[in-house]
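Participant: Next come the chains, spelled out residue by residue.
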Amino acid sequence: MTLELKQMMDGLRAACPLVHHITNYVTVNDCANMTLAAGASPVMADDPKEAADMTATAQALVINIGTLNERTISSMLAAGRRAKRKGIPVVFDPVGCGATAFRTETARTILREVRPSVVRGNISEIGSLFGLDARTKGVDASSEDAGRDALTLARDAAQSWGCVVAVTGAEDIVTDGRGGFAIDNGCAAMGRITGTGCMCTSVTAAFCGAFPDRLLEASAAALVFIGLSGEIAWEAAKERGLGSFHGALFDVASRMTGDRLEKEANYHET
Amino acid sequence: MTLELKQMMDGLRAACPLVHHITNYVTVNDCANMTLAAGASPVMADDPKEAADMTATAQALVINIGTLNERTISSMLAAGRRAKRKGIPVVFDPVGCGATAFRTETARTILREVRPSVVRGNISEIGSLFGLDARTKGVDASSEDAGRDALTLARDAAQSWGCVVAVTGAEDIVTDGRGGFAIDNGCAAMGRITGTGCMCTSVTAAFCGAFPDRLLEASAAALVFIGLSGEIAWEAAKERGLGSFHGALFDVASRMTGDRLEKEANYHET
Amino acid sequence: MTLELKQMMDGLRAACPLVHHITNYVTVNDCANMTLAAGASPVMADDPKEAADMTATAQALVINIGTLNERTISSMLAAGRRAKRKGIPVVFDPVGCGATAFRTETARTILREVRPSVVRGNISEIGSLFGLDARTKGVDASSEDAGRDALTLARDAAQSWGCVVAVTGAEDIVTDGRGGFAIDNGCAAMGRITGTGCMCTSVTAAFCGAFPDRLLEASAAALVFIGLSGEIAWEAAKERGLGSFHGALFDVASRMTGDRLEKEANYHET
Chain G
1 MTLELKQMMD GLRAACPLVH HITNYVTVND CANMTLAAGA SPVMADDPKE AADMTATAQA
61 LVINIGTLNE RTISSMLAAG RRAKRKGIPV VFDPVGCGAT AFRTETARTI LREVRPSVVR
121 GNISEIGSLF GLDARTKGVD ASSEDAGRDA LTLARDAAQS WGCVVAVTGA EDIVTDGRGG
181 FAIDNGCAAM GRITGTGCMC TSVTAAFCGA FPDRLLEASA AALVFIGLSG EIAWEAAKER
241 GLGSFHGALF DVASRMTGDR LEKEANYHET
Chain W
1 MTLELKQMMD GLRAACPLVH HITNYVTVND CANMTLAAGA SPVMADDPKE AADMTATAQA
61 LVINIGTLNE RTISSMLAAG RRAKRKGIPV VFDPVGCGAT AFRTETARTI LREVRPSVVR
121 GNISEIGSLF GLDARTKGVD ASSEDAGRDA LTLARDAAQS WGCVVAVTGA EDIVTDGRGG
181 FAIDNGCAAM GRITGTGCMC TSVTAAFCGA FPDRLLEASA AALVFIGLSG EIAWEAAKER
241 GLGSFHGALF DVASRMTGDR LEKEANYHET
Chain D
1 MTLELKQMMD GLRAACPLVH HITNYVTVND CANMTLAAGA SPVMADDPKE AADMTATAQA
61 LVINIGTLNE RTISSMLAAG RRAKRKGIPV VFDPVGCGAT AFRTETARTI LREVRPSVVR
121 GNISEIGSLF GLDARTKGVD ASSEDAGRDA LTLARDAAQS WGCVVAVTGA EDIVTDGRGG
181 FAIDNGCAAM GRITGTGCMC TSVTAAFCGA FPDRLLEASA AALVFIGLSG EIAWEAAKER
241 GLGSFHGALF DVASRMTGDR LEKEANYHET
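Protein chains in written order, with our numbering: chain G, 1 to 270; chain W, 1 to 270; chain D, 1 to 270.
Just to be clear, a hint being listed does not mean it is correct.
As the list makes no split between identical chains, a pair holds if one copy fits it or if it spans any two.
No farther apart than 35 Å at their CA atoms in a straight line, the calculated lysine-lysine pairs in the DSBU-like style are these [said to hold, decoys possible]:
hint, residue 1, residue 2
1, K84, K6
2, K6, K86
3, K84, K238
4, K86, K238
5, K6, K263
6, K86, K49
7, K263, K238
It should be emphasised that the hints constitute simulated quantities derived from the structure, not laboratory data.
The task is simple: from the sequences and hints, build the whole structure.
Facilitator: Written out as structure tokens, the structure reads:
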């Protein structure tokens, strides 16, 4: 199957979905700016008194536990349930799952209670959420720690959870448990700045908000979008360094076109 | 009336007022850096145990409800009251007012209890705070949703609330209910990165902190400052994209001069 | 004594220590990115239910009270105690100490209960924490307010607290109460963007995490690293402005080498 990347990109920008985020305070500014660069509109609201109401105004919901705290767990659950009831996609990023018992248990509670539409994480996080005995080193990917390969894990998790699962790393895997894609866009420098994983999750929610009936393709398009933006940005900035790379990532993303996505996407079906 | 923009710019930089912010975690870093670029000094402190005490050390207070949460509402109220008692300006940004009942009610409570010196928002937010049946799409401007034009709304609100009101959009309106200004500096790209509204509020507080007896002119100067910075930054960065635009905004603001403000300001009295 | 800067830089990058931060939401993104640029790995987690557990996975801990709030004080104390028990360095940044009673008292509680390995602040903050009657203007340095010179203060505090103390300003002082260093790298523009102090603390923790038995030298290396990065970045960006300076700081830091540190370090023993 060929991804309709031009249609996806143009459709996202035409729809400009509102993406409600309950997310961490480390990368939230990057998530907002990347959501805008992709062509969607971000809103962040995490108080239990309004989280679900804000979700009711949105076309997609991000739940990101990067700086998980007790105050907002109930917001995450309430917003997640409202999103499901409303029929809009919920994209869950179990940041750092496996690093502490609190984080792992909360991630599992969210998975069970909300039943997200898409789960995106690195192989340690997804492995830990799935119950494998992986260890997460902080919130960064550590491919060697994982006991299985990403493709098998993603498929098993997607089937078990009944949703799309994206395992990102040197190669990104995304699957609904039946078919899927392996995406080779991206570059190692994306692991040397904070927030590329979180931004990937936000952009996934943006594409899913525009194409709620095509979650697998929308998620794959998001992975291509972020990976290709990173590749091009690094090529432009690598002689200057990580600050320029960070800025260039938003430059490239904001000027990305459907044609360029189609031309430079690097993926195959799995 | 002609705005004394050179006097305002030089006066702000000479005074270097301390601007206490109780604000959101999405754009707080941008607010701090823009406050510094304008020539003031930022401090952020939001715990109920110290918010009012921090205000007591400052020359202006920003209350921004972007990521409103129950924990800091009492801080906002206590800091606001302390500022009023001390006689320093309070600039209120009712981010997303109208998007949820919690947000609208809290914004109205702050308005009523604190009686801010300046309120700045887009037309949906100000309309909703004023009691019009506008709908806010997330926290972004949506001029078509508003039932009246910005000038009438700003005047009515300013008279009703007894303060300066700034309604920002393609054209910015600022009024004390009698006289006022319409400002045409700015560019559409400012809506494509997060934080330009919040930064406008922070800079308004910076100018008001330096000129507490001239709140209307100080607020107008802030709108010119941010709008012109955005215009120049976009001209410099538009071929690169939104990441470069974001960086250029701080470049231009930090090098803005009173002479340039006077020369390139684009406003008229209303 | 000559600092072994090349050994320190290379050793940090080889060790890639995980640096757990309990820090403020204003500069947290900069702290994460600077930690990465220096060659370490950041993780941020502040909930009482997981803070100490996250520390248990790390090689160093940062406690930064920039946006101090009651919810995370117990996290700071628990994480600090766990770090000490585990034998990893705790670097404490008493941001704004002296500005409010709550901040000063909490900073003293952390000092007493955790007994940090390194304390870094400006002269007002360290003076206030030490009990001098200094006044902090917001969170920025105000050297004139201090009643003693930085070197005497740093020595006295280091002896009294039994730890390394760094007092940063136009000249940076770092001492363990016996020997120490005065470092002249850096530039005034570092005070015109937010976060350089916090980033200095994060990088101090990174170096200390890699060299837990050589805290004085590691802290000095961190001050040279940040100061020199700032100097070079300002030279490259000063004609553009503060936005470019901010980006260039990460560019330079991410490309810093041990050889360059050795060649351009500007310090003497005290």
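Participant: Next step is simple, just say for each hint if it's right about the structure.
Facilitator: Here is how each hint holds up against the structure:
no.	hint	result
1	K84 - K6	within (28 Å within a copy, 55 Å between copies)
2	K6 - K86	within (28 Å within a copy, 53 Å between copies)
3	K84 - K238	neither (42 Å within a copy, 39 Å between copies)
4	K86 - K238	neither (44 Å within a copy, 38 Å between copies)
5	K6 - K263	within (10 Å within a copy, 44 Å between copies)
6	K86 - K49	both (18 Å within a copy, 32 Å between copies)
7	K263 - K238	both (23 Å within a copy, 24 Å between copies)
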